[in-house]
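For reference, the chains in residue letters:
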Amino acid sequence: MTHNQFDDDQLEHVLNNAPKLSDRRSKEEILNRLLADARLQDNVHLQEAIQQPIDDEITLQEQQNSIPTQQESIETATTKKKVRKWPIFMSVAAIFALTVLTGSMFINNNDNTKMDQANAPETSQYSTLQDSSAAKSSVNRDKIMESNIVAEHSRFMSLRSSVYEEDLTDAVVFHIGLANRDKKSVPMTYIVSNERVATDFPKKKPTTLQMYEKYAPQIDETANGFTNYHPYKGELKEKDDKLVHVLPKENDYDVASANINEYLGTLKDTFSGSVYKAVEFENPDGTPYKFSKDEELSNPMALTSSNHFNYYLYKDENGTEYLSPDSRKTFSTVTEALTDMRNKNDDVYIPVVPENVTYTVKEEAEGVIVTFDEPLDLTTMEAVRATQLIEAMMLTAASFDQQIRLDNVVQESWEGFDLKNFLPKPVGANKRYMQ
Amino acid sequence: MFHRLYDAYHQDVFQFLIYLVKNRTLAEDLAHEVYVRVLRSYDQFAGNSTEKTWLFAIAKNVAIDHFRKQAVRQKHSLDFFDWETEQLRSTTPSPEDVLQASDEFMQVQSALEHCTGDQKMVIIMRYFQDLSIAETAQILDWTEAKVKTTQHRAIKFLRQQLQQVREQEAKRQ
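Residue numbers (the working numbering), protein chains in the order written: chain A, 1 to 435; chain B, 436 to 608.
Same shape as in the complex, but just chain A (with noise of 0.2 Å):
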């Protein structure tokens, strides 16, 4: 990318040109969800719409007759529509006994042209690709097809997890923990941008706790999939540099170990790392707050000193897939945490280390070096699972305030790293944005 003066024409390019972005649904799924809406249960304008034909014929010749070539296909990649028979009458149990066709779908560009057209836009954002031969182009979506343009278009997207430097430009990172349905906590790491604190804060820098305060309520962590735990009750304040929880007299961290582990380590999560060395727990008469289930927990407990975590993938009801460390168990040396990750413990984590990869951990002044007993192909991987074998390396390496290099890795470089060097020390795990 080159780096001359950034102007509104480059800027108006890129933006005219942004991707186009199309629902792979067909329309009789869309159809079959509306049918399956109560609240459209007798609606007429449904009713019309399950009875008339779905989408216009064409022949199977024609289709075959406009499929380009290889390279036809991943230069003219553009919006495309399923076109398939259908009969005409539909009811609703004819509907729900469709099956729906998502494999070997031919695409007519004629029938996206009128689309455009009846979008009527003034000035086609895409006038110079619609050549004449382009646009009567139709595209089939093979295997190979899709790989390749896969392959091309995914450097559009990235792969990373994490909050790197780079991320930071024009922001800063507010770290929490936030509580998952297993009782555990797992560190999310969000950017603010210098704009919104700016207007939260117009006064002063706001410390670690006021970040708290002011940002911790915003996140709705049910939506989230995770359990609705913050702000915590009770009150936090500062005292020197340490922070102190004055706990509610009844509370839910302390009922069983379970909860204080949670508890525990949503504050590691949230806290450690800020300026505070350690969280004092106080009863609201100002003594030492002693909890019932844990009866040798240290208070103060110290954040400094035992956050040397790894990391495995954690993933929520939804799916949804996190970089967390396992149950908070933690590690002396950054050796035995990069070597256990190999290890599963348990059901909730799993390691991001496939189980026929093996590697040796070294420890030098620079860093800490991985070094794969047998050259590993990321490409063998999914995309996805070798970002997150990466990213969950340089996490575990960053708990320990260390950048790690990989070697003997096929790549040599991957989602924007740089395997042949030490890799950045993430900022947090977990990237979200707060607006």
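Relax, there's no trap hidden among the hints.
Short, incomplete list of chain B residues facing chain A, as computed with Cβ under 7 Å:
#	residue
1	M436
2	H438
3	Y441
4	F449
5	I453
6	Y470
7	V471
8	Y477
9	E539
10	V543
11	E548
12	H549
13	Y562
14	F563
15	Q603
Think of the hints as simulated: they come from the structure by calculation, not from any bench. Just so you know, these numbers come straight off a predicted model, no measurement behind them. For glycine and all other residues, C-beta sits at the position ideal for the given N, C-alpha and C.
With chain A fixed as given, assemble chain B onto it according to the hints.
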């Protein structure tokens, strides 16, 4: 009616939603909600606007309701952006140019996350959806002047953001 609206505008409305919420499944859910509202309220459609702007106004309201329900406008980062890669248009002839355009669009997309909700909506409508100023104003129930001002500010903000990114990159190199 359903078929006419679907055939003419479904992909446009879907794209509008997916660019707003950046999650395919969610965009599908919201598109469903749009049709529910359309089918239930079509009889009340007075024809004061075109069907297109009426449909987009409903889509906008559905999206806003979704964000409201979330209490905070939870941003989905790019790693959750379910791109339909096979539907992307290659805008330039050479792979190198495609790559560059991709990087630039990624940066724009990222910068867009820092815009206000109004600015983001206007950019999506005006550029990604190719809607005119008059259409955008009608959908958002704004004056055309407000659309122009918001667009101008959004472009200025995006340009500044992207310029900063370039300067940072230049420094690093």
